[in-house]
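Heads up: the sequence lines are chains A and B, in that order. Per the working numbering, the very first residue in the first sequence carries number 8; after that it's consecutive. Per the working numbering, the very first residue in the second sequence carries number 294; after that it's consecutive.
Among the hints, a few may not be true.
Straight-line alpha carbon distances no greater than 20 angstroms define the calculated DMTMM-like cross-link-like pairs of lysine to aspartate or glutamate that follow [to be verified]:
#, chain 1, residue 1, chain 2, residue 2
1, A, K226, A, D286
2, B, K897, A, D16
3, B, K897, A, E76
Hints were generated in silico from the structure; no laboratory data involved. Computed from a predicted structure; not experimentally measured.
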Amino acid sequence: MTNLVEFRDVWRHFGEREVLRGLSFAVRPGEVYALLGRNGEGKTTALRILLGFLGAHAGEARLLGEPCEALPLAVRGRVGYVSEGHRLYGEMRVSEAVRFERDTRPGFDASAATQELARLALDPAARILNLSRGQRAQLALVLACAGAPEVLVFDDPAMGLDVVMRRELLESLIALLAERGTAVLFSTHILHDVERLADRVGILKDGALLVDAPLDVLKRRIQKRQCVPVNGAPPALEGLLRARRLDGGYELTLLDLDPAREATLRAGSRHLSDPLTPDLEELFLDLTSGPESAR
Amino acid sequence: MSPAFVALVKKERLSLLVFFVLSVSAGWITITVEGFEWMFVLGSYDRFEELTLVQSGLALLAGIWLGLREEVTRTQEFLRQRPLAPGVSVLARGLAGASLAFLAPLVAGALAIGQDLLLGGGGVGVRAECWTILVAVAASVFATFSASFAAASFPGSPLARMVLLFFTLAAQLALQSWASSVCSGLPWALLVLAYGALLLGAARAAAERALDLDRPVGLRVLGLPLAFMAFVSMAFGSLAVAGWEKLASQALFESRPWIGWTSDGRLVRCSWVGKPGSLAVVDVAGKPTGEELDDDQPRLPPVRYTLHGIELLPLPAARSLWLRNEGVVERRIVLEAEGARWVASDSSSGTRQVVPLLSAGELGDPRLVKHFETGMEDEHTFLFAPGAELLKFSYDGPPRLERVELPGGARPLDTTRFFGSTQEWKLGGALDTTDGAWMYRDGAWVRPAPELYHQPRLGSEILVHDPLRPLQRVSGPNGVVLDIPHPLDSARRKLLAGWMGLSAVLRPLPLALLSAGFDYERTAKERPDEFLLLLDPMLGGGYAWLLGPNVLLHVGLAWAVSREFARRGLDPTRRRRWVLAYLVAGMWIAAWCAALETRRAWRKSRSGPAPAALVSAARRATA
Numbered sequence: 008m009t010n011l012v013e014f015r016d017v018w019r020h021f022g023e024r025e026v027l028r029g030l031s032f033a034v035r036p037g038e039v040y041a042l043l044g045r046n047g048e049g050k051t052t053a054l055r056i057l058l059g060f061l062g063a064h065a066g067e068a069r070l071l072g073e074p075c076e077a078l079p080l081a082v083r084g085r086v087g088y089v090s091e092g093h094r095l096y097g098e099m100r101v102s103e104a105v106r107f108e109r110d111t112r113p114g115f116d117a118s119a120a121t122q123e124l125a126r127l128a129l130d131p132a133a134r135i136l137n138l139s140r141g142q143r144a145q146l147a148l149v150l151a152c153a154g155a156p157e158v159l160v161f162d163d164p165a166m167g168l169d170v171v172m173r174r175e176l177l178e179s180l181i182a183l184l185a186e187r188g189t190a191v192l193f194s195t196h197i198l199h200d201v202e203r204l205a206d207r208v209g210i211l212k213d214g215a216l217l218v219d220a221p222l223d224v225l226k227r228r229i230q231k232r233q234c235v236p237v238n239g240a241p242p243a244l245e246g247l248l249r250a251r252r253l254d255g256g257y258e259l260t261l262l263d264l265d266p267a268r269e270a271t272l273r274a275g276s277r278h279l280s281d282p283l284t285p286d287l288e289e290l291f292l293d294l295t296s297g298p299e300s301a302r
Numbered sequence: 294m295s296p297a298f299v300a301l302v303k304k305e306r307l308s309l310l311v312f313f314v315l316s317v318s319a320g321w322i323t324i325t326v327e328g329f330e331w332m333f334v335l336g337s338y339d340r341f342e343e344l345t346l347v348q349s350g351l352a353l354l355a356g357i358w359l360g361l362r363e364e365v366t367r368t369q370e371f372l373r374q375r376p377l378a379p380g381v382s383v384l385a386r387g388l389a390g391a392s393l394a395f396l397a398p399l400v401a402g403a404l405a406i407g408q409d410l411l412l413g414g415g416g417v418g419v420r421a422e423c424w425t426i427l428v429a430v431a432a433s434v435f436a437t438f439s440a441s442f443a444a445a446s447f448p449g450s451p452l453a454r455m456v457l458l459f460f461t462l463a464a465q466l467a468l469q470s471w472a473s474s475v476c477s478g479l480p481w482a483l484l485v486l487a488y489g490a491l492l493l494g495a496a497r498a499a500a501e502r503a504l505d506l507d508r509p510v511g512l513r514v515l516g517l518p519l520a521f522m523a524f525v526s527m528a529f530g531s532l533a534v535a536g537w538e539k540l541a542s543q544a545l546f547e548s549r550p551w552i553g554w555t556s557d558g559r560l561v562r563c564s565w566v567g568k569p570g571s572l573a574v575v576d577v578a579g580k581p582t583g584e585e586l587d588d589d590q591p592r593l594p595p596v597r598y599t600l601h602g603i604e605l606l607p608l609p610a611a612r613s614l615w616l617r618n619e620g621v622v623e624r625r626i627v628l629e630a631e632g633a634r635w636v637a638s639d640s641s642s643g644t645r646q647v648v649p650l651l652s653a654g655e656l657g658d659p660r661l662v663k664h665f666e667t668g669m670e671d672e673h674t675f676l677f678a679p680g681a682e683l684l685k686f687s688y689d690g691p692p693r694l695e696r697v698e699l700p701g702g703a704r705p706l707d708t709t710r711f712f713g714s715t716q717e718w719k720l721g722g723a724l725d726t727t728d729g730a731w732m733y734r735d736g737a738w739v740r741p742a743p744e745l746y747h748q749p750r751l752g753s754e755i756l757v758h759d760p761l762r763p764l765q766r767v768s769g770p771n772g773v774v775l776d777i778p779h780p781l782d783s784a785r786r787k788l789l790a791g792w793m794g795l796s797a798v799l800r801p802l803p804l805a806l807l808s809a810g811f812d813y814e815r816t817a818k819e820r821p822d823e824f825l826l827l828l829d830p831m832l833g834g835g836y837a838w839l840l841g842p843n844v845l846l847h848v849g850l851a852w853a854v855s856r857e858f859a860r861r862g863l864d865p866t867r868r869r870r871w872v873l874a875y876l877v878a879g880m881w882i883a884a885w886c887a888a889l890e891t892r893r894a895w896r897k898s899r900s901g902p903a904p905a906a907l908v909s910a911a912r913r914a915t916a
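Modelling step: build the complete structure from the supplied sequences, incorporating the hints.
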């Protein structure tokens with residue numbers, strides 16, 4: 008199956024700082040890919056490279072099979088994008104924004120957009136700068152989707168939204184995705200959203216992809232165990248991602264713990280708990296947090 | 294026009310509307326405040342320059358705003374993600390703004406004309422010259438908008454944008470300065486419009502590239518703009534050098550001794566002495582003779598330097614007047630009727646020195662220029678119309694010309710000065726007529742005393758046209774001749790000469806080569822009041838050896854740049870182009886170079902192998 012989005016060993020720096028280091032992943036049709044990472048890890052940079060706003064210093068990114076460095080206009084027309092902060096022209100009215108999309112984006116379905124906005128109870132006469140953040144986010148989403156894009160790219164679509172707004176936005180997105188088999192690549196900080204939406208996650212750390220796997224695989228391969236070591240120190244074990252000190256022992260985050268290593272761990276512990284399945288937020292913290300990480 | 298283009302223009306309608314309304318209002322107010330008649334009937338250069346300045350200021354701000362608009366509102370990605378060439382969006386904004394910038398002065402002028410017609414301005418507003426001036430102003434405003442828009446929308450660092458703005462505006466000013474001191478005339482307007490259009494085209498081309506400070510501008514993109522940059526930098530460098538050289542030359546000129554004509558008929562050369570108000574008479578070699586003269590006459594400050602034309606002012610009437618060996622007076626010499634003294638003008642001195650002046654534009658622009666600042670209200674100012682008709686400015690109400698009759702039906706014959714080689718009209722104070730000399734006093738014609746009117750003048754000839762050390766021959770009315778060398782005989786003069794020499798060394802190489810080949814002496818004789826901006830008087834005037842250091846400097850710079858660029862990793866083709874640019878424009882291209890070929894853009898990428906993913910799961914094969 009063709010990859011609609013593809014990064015192949017992409018490197019990028021800003022000044023002296025390397026923001027992306029050999030980024031490689033792909034998104035297939037109908038797949039929802041969540042790109043995660045702490046602030047400044049390169050999520051937005053990756054999306055900007057994908058959309059051709061930035062160039063890569065090495066490697067190649069492709070969108071709908073075309074190199075992102077020189078995206079044909081026709082390919083741009085097949086992609087929907089919601090930028091960080093849902094940037095729109097504030098002085099426009101909602102209806103003017105729809106007309107602007109219609110005039111500048113061939114294939115944009117203005118009537119579908121208008122219907123969707125009516126469903127969301129967005130006043131067509133309202134100026135965008137007078138809309139709430141949530142309404143702006145919804146408008147941006149509708150404008151991005153009404154062109155029937157094959158690929159949707161969202162840069163932190165829920166940023167700055169409260170729980171209710173985020174939930175509404177998510178509902179809108181799920182409704183839209185349910186109707187089409189659009190490939191979605193989005194970056195976010197809200198990990199609960201990811202669990203509801205994403206088929207696959209990529210976690211960036213220091214500009215490199217630490218994880219590129221389906222969510223269920225990730226949860227299956229990483230487990231948590233609480234242990235009280237015999238000698239008081241956390242065990243030196245291959246696959247130990249993090250050892251967090253607890254009262255009288257450690258909480259260990261372990262990758263691909265096989266029977267042999269489990270036996271070693273058990274031998275070095277006075278007490279070892281049963282495996283705990285972490286949620287995504289815990290996994291994310293274990294994979295990306297600093298000082299206590301044993302990795 | 295495509296729907297997308299229209300939508301892109303409509304998107305900016307609020308900014309465009311505000312700019313247009315402000316610009317038209319400001320233009321209209323300026324014309325009203327400055328005086329319609331002064332501006333368009335009498336063609337006061339200063340006043341329509343004021344209009345240009347006001348309109349251009351607004352256009353500059355509008356250009357910057359529209360150029361930065363997407364960036365400031367952080368909507369550039371929202372715009373760029375749609376299937377439109379980025380250049381189209383920039384062109385839509387630029388073209389709309391530039392069109393309104395062009396229209397605004399015309400609309401303001403039309404409103405002023407309407408106001409003039411409705412409020413009884415005498416119908417002078419329909420004069421065609423008004424539109425020529427307005428088109429010239431509009432062209433200038435168009436180009437200013439285009440320059441600021443191109444700079445603001447340039448996808449580069451803030452430094453690169455500032456450099457671009459500075460150079461494009463400087464090039465526009467140079468264009469104006471080169472065409473005429475008066476920015477008028479259709480050819481000039483067309484030239485400036487073409488320049489503005491070029492900048493809009495450049496803005497469009499530049500917008501096709503994504504904003505990225507960490508990657509060098511592609512060689513294909515850099516190609517033509519680099520030639521433009523080199524050309525603009527060369528022109529700018531030459532103008533800058535000419536400015537410095539002119540200052541040094543003027544200072545050198547001012548340091549020379551005074552030449553005077555005493556009441557007892559002697560031609561003397563003087564220098565300052567410590568005692569205020571006195572001049573020491575020196576001999577030809579500059580040695581004191583022990584004689585001192587009172588210096589109780591107004592000194593004539595130089596207002597404009599001309600490198601080689603050394604011209605003496607006419608003698609005063611009754612008393613001896615010490616005169617500078619002025620070539621700097623821009624022919625601003627006129628007979629002031631009262632007391633029949635010749636007085637030179639200096640608009641910067643603050644003193645009222647009457648000169649209804651009659652200097653033409655540098656290319657012989659025929660319009661009256663600068664007469665506002667010269668006391669045009671003087672009742673002794675007349676215009677000689679073709680066919681010996683005599684006219685006078687009337688200030689009873691809006692200024693206008695009215696016919697004047699000479700006593701006894703005499704016809705005017707001659708005047709003191711004329712203002713423009715292509716203009717038939719002449720302007721003067723006291724008149725030679727078919728019935729002798731007449732002066733106009735308190736509404737009546739009176740006979741001037743012949744000794745006050747027909748004054749002798751000193752003759753002057755440059756025997757050796759040397760930009761630093763000319764040899765001048767001055768002759769008085771009684772056959773008295775004084776040959777005066779002007780040696781570099783003081784530290785100050787040597788320093789100034791060195792300054793001029795340095796300017797010649799810094800002159801961009803192609804123009805330096807051209808300068809070395811031109812006949813300075815012939816040019817100096819033919820156009821004594823001209824200071825050539827693009828050709829160097831030193832290199833053409835006997836100091837061609839300065840070409841050596843000039844070549845060394847340019848080649849050295851190019852070599853150093855090539856070496857540094859090789860170190861940064863620029864490919865040979867790109868290096869060769871920069872070397873060529875440095876050879877053409879010299880150090881003046883350095884600002885462009887610093888803005889475009891940054892260390893940051895050429896930083897080596899990829900510090901090591903890509904880290905392997907900790908958790909990576911291959912996809913299941915699907916059909």
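Checked hints:
Proximity of A:K226 to A:D286 is assessed by CA-CA distance (about 8 angstroms); at most 20 angstroms being required, the pair is judged to hold. A threshold of 20 angstroms between alpha carbons decides the hint, and for B:K897 with A:D16 the separation of about 16 angstroms falls inside it, so the pair holds. Note on B:K897 and A:E76: the hinted pairing holds, with a Cα-Cα distance of about 19 angstroms set against a maximum of 20 angstroms.
Of the numbered hints listed earlier, not one is contradicted by the structure.
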